Amino acid sequence: MAASSLASRAVASLSPSISTGASRDDAGSSSVVGFHKRSSAFTGRRVRISSGHGSSAAHGRRSCVVAATAAPVKESPPKIADIELVTREEGLELYEDMILGRCFEDMCAQMYYRSKMFGFVHLYNGQEAVSTGFVKALKKDDYICSTYRDHVHALSKGVPARQVMSELFGKATGCCRGQGGSMHMFSKEHRLLGGFAFIGEGIPVATGAAFNTKYSREVLKDLSVDAVTLAFFGDGTCNNGQFFECLNMAALWKLPIVYVVENNLWAIGMDHFRATSVPEIWKKGEAFGMPGVHVDGMDVLKVREVAKEAIARARRGDGPTLVECETYRYRGHSLADPDELRKPEQKNKYAVRDPIAAFKKYLLENGLASEADLKAIEKKIDEIVEDAVEFADASPLPPRSQLLENVFADPRGFGIGPDGKYRCEDPAFTAGTAEV
Amino acid sequence: MFPGIVRSSSRHLPCRRSLMTVRDALNSAIDEEMAADPKVFVMGEEVGEYQGAYKVTKGLLQKYGPDRVLDTPITEAGFTGIGVGAAFQGLKPIVEFMTFNFAMQAIDHIINSAAKTYYMSGGQIAVPIVFRGPNGAAAGVGAQHSQCFAAWYGSCPGLKVVTPYSAEDARGLLKAAIRDPDPVVFLENELLYGENFPVSSQVRDPNFTLPIGKAKVEREGTDVTITAFSKMVGFALKAADELAKDGIKAEVINLRSIRPLDRETINASVRKTYRLVAVEEGWPQHGVCAEVCASVQEETFDYLDAPIERISGADIPMPYAANLERLALPQIEDIVRAAKRACYRSK
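Residue numbers (UniProt numbering), protein chains in the order written: chain A, 1 to 436; chain B, 1 to 347.
Isolated chain A (complex conformation) (with noise of 0.2 Å):
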C-alpha cells in the first residue's frame, strides 16, 4: 500500500537532477522502531540540501533536490561508530519537549472532558517528533506559524504551560487574554504568529514573516536581523492553493523559510489518498524550484537533522525547503471527532513507532541517560502541567472591560502625533487642508 512506501523512505531522492525518489535506500525501511546508529539510514550520511547544478535563471527547470551523499560533506568520512547525532544535554532536552507536548495534551483532553476547555480541540499526540525536531533547531529570534493544532508548537517554541492553560480555559491570564482559545495562541514575544483556523491561512503568513526578514537585511539593510520562519501544516493543506501559491513565491524571492508538512495521512475523515493525485508531497517542491524532503516524522533526530539543514539553508540566504513529515496522530481530529474511519491496523502500526518511546529507548541504549534521569524529567513535566492548570483554574475570567478591547491597535484614529496626544484631538490635523 503507498503508504508504508512512503514510510520506507527516509530522503527524498538520491538522484541530483532527478528527484524520483526512486532509488531508495533500504536501510531507510529499519527507521521503523530501534533508533541504533547502525541501523539507522541517517547514521553516518549527512545531508546535504543542494540547490541548483549552475543552471541560471534563464534556463528552465533547476533542480533542486535533496540528496543524500552516501560520504558526509566533511572531508573524511567518520567511522559509523564515531558519530553521536545528540549530545546528553541536547538528548534530555528533547525528550523533556517530547513529554510536555504529550502530557500537556493529555490533560488537554482530561480538562474538554470536565468542561473546562470548550469549542474545538485538536491535539498533537503522536507528532511530537516534528514540533521538537524543528522548533529546537531555532534560535529564539525565529518565527513559527501553525494550524489549529497549536498547542504543542507554541510549548516548543518556549510559551509558558501555565499561559497555554490559562488561554484554553478562557481566563485572562492566557497568552491571549483568552480572547484567542485553542486555534488561535499568538505570542509576539516568542515569535508564534498562530493558530489559524483556516488551513492554509497560516502558510501565507508565515511566508510574510520570512518576507519580513529579507526586507530587513536587503531594503532597511538591518543585517542583526536572521530570522527564519517554520510554517507547520497537514496534508490536507497542501490541496488547498495558498500553499501552491506561496511555495511560488517564496522560491521565487529566496525566502528564509521552511515549509513543514505534518502528513498524518488524514484531514478530518478524508484519507491522503482520496483527496490528492499525487500523494508525494515532498515531489511538489521541485515543481517550484526548491528541494523537496521526505523524512520519517516518527523519529525525532532524523527530523532534526533535516530541521537543522533546511533552516541553515534559509539562514544563509539559499531560498525555501519544503519537509514532509510522515507522521500520525493518535486522537481523533479534534476532540469532537469520533474517529471512526481510521482503521485499526493502521492505527497499531503508528502505535507501536511511538516517537517517544523510540527515543527513550535511543537514549539508554547509548547510555546517554539513565531510567532515573528519563522518570525525572516525567516528574518534572507532571509537576508542570498539573501546576499550569492549577494556575488556570485560580486565574480569574476576563472582566467584562475586556469585551472592546484590542480591536484596534490605534482606537481613536489617526494615530498618536509628536507631542504624545492623539491626533484627532488637535482640530487642525482633522479639519483637512482641502478649500471647498
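Hints may contain errors.
To be verified - Going by beta-carbon spacing under 7 Å, a handful of chain A positions derived as facing chain B:
no.	residue
1	115
2	199
3	239
4	269
5	407
Keep in mind that the hints were calculated from the coordinates and are not lab data.
None of these values were measured; they are calculated from a predicted model.
Beta carbons: idealized from backbone N, C-alpha and C, even for Gly.
We have chain A already, so just place chain B on it with the hints.
Using the frame of chain A, we list chain B on its own:
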C-alpha cells in the same frame, strides 16, 4: 395584570412522532430532491464517508454513490468554482461549506461567478446552485469560526439568501432552494441542528416547499414587532413569553429570507404595533437590522410611536472566553429590555 393565556408554537407539545430535528429536515430534503432529480448532486468536505461534518448528509453516500456525493479535498475556491461551472451547464450542485467562514476562501466564486452571471450574460446562463452550511456563532469556537454572513451575502444582487429557523423552515426552504434556478445561499445554524420542532404531515410531504422571499409571523401580537432570523427567532419567542408576563404582547416575525427581504410583512406588522425591535446575531454596522430599520423608516415612518431598537452582536471579533462570548451575543434579556424601551416601559 393578567398575563393571559399565551400560546406559542414552541410551547405546544405534540406527540413524539410529529417532531423532527433540523438536521433530519435538511437530510430528508436533500435526499428527496436527489431522488427526484438526477441532476442534483452534493459536494463538499466530509459529506460522504464521514457522513457530513455535522451529519447533515448522513446516509447519502450509501444511497446515491460517490458520483453524486463527492468528498472534496480542502480547496474551497477550487470546488466552489467547479460547482458553479457545473451549474452553468444545467447541473444542480449543492455545495456544502463546513462553516460559512470557510466560504470566504470561495467568495469570489459565489459572488462573481454565481451571483452576477445571469446578469452579465444578458439572461443566457442561469446558475441553479445552492451553497449551504452552518453560519454564525456556535459555542466557544473562536473568532474565525463564529462570523454571521447574512449581511454580506444579503447585500449582493443576484443571490437569494435564506435563513431557516425551524425544521419546517429547513425542509421547505431547502427544497425550494434546490429547485430554484438562481444561486441560493442557505445559512443554517450549528446549534439548531439538534433541536426538535413539531412538523405536520404536510411538511413531510415530498412536494412541500416554502416560498423564498416570504417571512413568517411566528407569534401574533399587538404591542411591539420583533424581527429575527435563524437562532435569534428562538430567543425572540422566549423574550415574547417574558414580555407577556408584563402585559406586552409582542409579534415575532421569522424573516426566513434575507434576500429578497419580505418588507411587506415587516411593514404591515409595524403598521399594527407601531414599534419595532430588530434582532440579529451578527455585527451591527451594515447589518440585516440596518436594512430592516431603513425599510420601516422609509415606508412606515408615520406609524412609528417610538424610535426603532436594534439588537445585534457586539462590534468585535468573537472572543473565546465563555463569559466574554456570552456578552458578545444578544441574549433574551437584551431583547426584553429593548422591547420595553420601545414600549416606554423600561425602569
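Review point. Hint numbers the structure violates, sorted upward?
Key: 1
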